[in-house]
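Participant: Read in this note's numbering, the sequence shown has 337 at position 332, and its numbers run on one by one without any break.
In short, the hints are calculated from the structure, not lab data. Please note: incorrect hints may appear among the correct ones.
Taking lysine-lysine pairs in the DSSO-like style, the calculated list, with each CA pair at most 27 Å apart, reads [to be verified]:
1. K1000 x K739
2. K744 x K573
3. K739 x K724
No experiment lies behind these values; they were computed from the predicted model shown.
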Amino acid sequence: MLPRLHHHSDIEPSVVHFLNELDAAGFQGDIETQYSSRFSVATDNSVYQQLPQAVVHPRTSEDVVLIGKISSKPEFENVTFSPRGGGTGTNGQSLTQGVVVDLSRHMNKVIEINEKEGWVRVQAGVVKDQLNDAVRPYGYFFSPDLSTSNRATLGGMINTDASGQGSLKYGKTSDHVLSLQAVFADGSLLETDGSGPDPQETSFAAQALSVTEHICRTQRDAIVAKFPPLNRFLTGYDLKNAINEADDSFDITRVLCGAEGSLAFITEATLNLTPIPTARTLVTVKYDSFDSALRNAPLMVEAQALSVETVDSKVLNLAKQDIVWHGVRDLITDVPGLEMQGINIVEFADQDQASVDHLVAELVARLDETMQKGQSGIIGYQVCTDLASIQRIYGMRKKAVGLLGAAKGRAKPVPFTEDTCVPPEHLADYISEFRALLDKNQLTYGMFGHVDAGVLHVRPALDMCDPQQEKIMLHISDEVVKLVAKYGGLMWGEHGKGYRSEYSPAFFGEALYQELRRVKGAFDPHNKMNPGKICTPLESQAELVKVASVTRGYYDRQIDVQVRDSFKQAMLCNGNGLCFNYDTSSPMCPSMKVSADRRHSPKGRAGLVREWLRQLSEEGIDILSLEQETYERTSTVKALVNRVRHRLNQRHEYDFSHEVFEAMNGCLACKACASQCPIKVDVPSFRSRFLNIYHSRYQRPAKDYLVANIETLLPTMAKIPHVVNRLLSQGWVKHVTKKTIGYVDAPLLSVPVLAKRIRRHPLEAFDVQRLSRLSEEEKQQYVILVQDPFTSYYDADVVEDMIALAVKLGKKPVLLPFKPNGKSQHVKGFMQKFKSTATNTAEFLTQVAELGIPLIGVDPAMVLCYRDEYVELLGDHRGQFDVLLVHEWLLPQLSESTHEQGMTDTTPWYLFSHCTEKTKLPNTEAEWGTIFAHFGAQLQAVPVGCCGMAGTFGHEADKLQMSTDIYGLSWKPNLAQLPQERCLMTGYSCRSQVKRFEHYQPKHPLQAVLSILNGMTRV
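Assemble the whole structure, with the sequences as input and the hints as a guide.
Facilitator: What follows is the structure in structure tokens.
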């Protein structure tokens, strides 16, 4: 029996007292102390793990001021804070054992856009891509770019002084910060441009202004001598640029940029905007070696390129195996007979097209000449001027950052020396020595970066569950520090210091480092702001954090290796945070998008399962044996009584499993994470396993049994459809169903039922013996339609139209007898039942497949279940069968089709694809477009995320609000702008959701194809 699990970590009394006072004082935000909330911010994209005491989510700057004022009381002197944004840091910048102040959930508003002067005022929690979406209509963008732009917040960018592609021209974040609103640890507030009231003389803000300016001026010569003249200048306490050389003025803004929240909270920022280039061209140069790409890069810079990005063969090959490559395979083609070992992505951008064309022509001429001479290792190049294609290439390069973490084996590329910066002219030699160091330690690695700025991201592969490899990480880190110093560079050129802060004293030297400590002491005398990062106050005895601090691997190795391997979909999450994607049209994790709760994300859920497995291991539980028992034993009356008892006592006893369940309960099981996440974190897979084990102790809600058995109930219900529909339409039945079962908006059965509809068509009965006697030529005229429960019983006209379409295309359709699919059982964690259903159905379909006649299904979720969940659970016992989706079958038929184009107008159709389908099968939309074009019609894919229905998720009463909110993200606004009769949806769930909220029945694209063939202009 599954045991109860505990917190394993108590919150300090002083923190509890502080949080109570904060709440009583009128704090408007959220205060979270539950273990799951704290654990969800215990990691970032680094190797480290630190459990905070609590998480607070302020709503306003006033809330942040309140945090400072109350914590400045003597009794709260030991309460410390770390600000947090998107949590994408690679060096543990926001990790703390104190209180996390997360500004991303509520403080994410664009406050003001000044089109005339070209600036914008934002709250710290605004995401970079969100800002660009807001200012794009005015012709501007915020130019500092980074691979995490769809989830990184402006507060995080400011705190790490982030930069990325294009920094040679556009610079770093600090180059575009006009002013900041900063809140200090005593609650004093400062507008760094002087627009606010002067801070009180005794406030931390006043001290910071006075002391820091004095140090910047008196130590000017030492500062200028020590800070290297690099494009990626030092992050953290940028004393060099705090003095403006043009007018000798002092700007404290520069000191706050890059301070990693160790000086003050950044709550608002006024940012300079850049006009969007109207002319852009990308030249992708291909090389026979990565060294050739590095050594040739300076010539690209000399060609006045905006940016030069380098990617090695390891990263390229990972991208080729990922869904992201489908969009760029024609843009970065292989060179026949030669192996592409690296590429330089060279961009030219300007407001003047002629100027860009001239620069590109000059570079292309040089490339052609170099290739003719067989020099520089150049084996080819491609020029791209299409904006959408340029974005896809950069999208590939951005995702490649995360793809490194998907390397096979237990050793994974680890970010700990990944943003070193040396003068560009020394980069190739530096990297040569760096690679020799890694080779000497027998480490594999991937490389990519901004060679124009001398920054290269190098991530050596280590198994952080191995204590010996943890020691290698420290050794490599120490050696790289020496190597960087040799070439006059920096250990932290882009991603900040964080746990690498221990190298600060050695880099700055004792005298100058003491001055940095004086700066820290002026801002934060009690060391409350992100203690241990960058430096400590001069009067403090506190220590800096260490590279060898507690890592995630320390906790993971407490889990048995067989369990880690079995639950790898959760264990492999490296915290890259792509599941925090701001884009509402992205299908990745809709529950995270509407809740803004990190627990309700693939990263959050994976982390909670990791901790759940660790705690079970700590209790001595053999989780794999326990799981196996759930497949073998049958439920007894005693077990049922025990589960009911546990459920009744659930509210009275703490069990960490309940917190994990809460996070899993919000998952839509849409499977987008399984393909969109670069690490392929597959939440529905480990979610089902968790639910299966969880419910071995705790009784399930009634709605779960309804969902799990719906496939077996539907054939019986369909025998009396009028009675069932009349009953379900009664108000009192709806009320009882909602209150007692927790189910809402139950769909009505199709009338007439499918069994009656098929009598209208020349449909042959399914007869294995007769079909097996057909010749191979005769079999080519047949298709077998595989039923799924939802389309056959709730949307029968789609199946009927599929039959008609097959006939129209000269085929003889056969309707396969209904066999349960089991998808709903899997979603709810009825793993024993699902295994039985899947085994039975797989055996049946394997026998049918032996006929050699195509099997076709119309619903993506059901068909893809055969390819995914069946394979995962049954493995080699799945059998041999393939069920095609409609477009997969249709596409090869086009060459045989002799039908004339039936459209009489050019009005386009609009395709809203099922989220699981378009993430699992990325060519789906394009293939449907090809099919429509063949018949003379236009089909436009509409970029949408999840519709919010996801099988039965949207019908559960406790999920209704979330389902509604998700629908409102991308589906509702897009449908509102389009003619409803032209909108097509592949998924039954999607059509059901639209019908529920828009009160009309949308069509499947196969129905539009049928109407086209029938010569109609409207469905």
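Participant: Against this structure, judge whether each hint is valid.
Facilitator: To see whether the hints hold, each was checked on the structure:
Only pairs whose Cα atoms come within 27 Å are accepted, and K1000 paired with K739 is accepted, the gap being roughly 18 Å. Between K744 and K573 the CA atoms are separated by roughly 38 Å; this puts the pair beyond 27 Å, and the hint is violated. A C-alpha spacing of about 21 Å is found between K739 and K724, which places the hinted pair at or below 27 Å, so the restraint holds.
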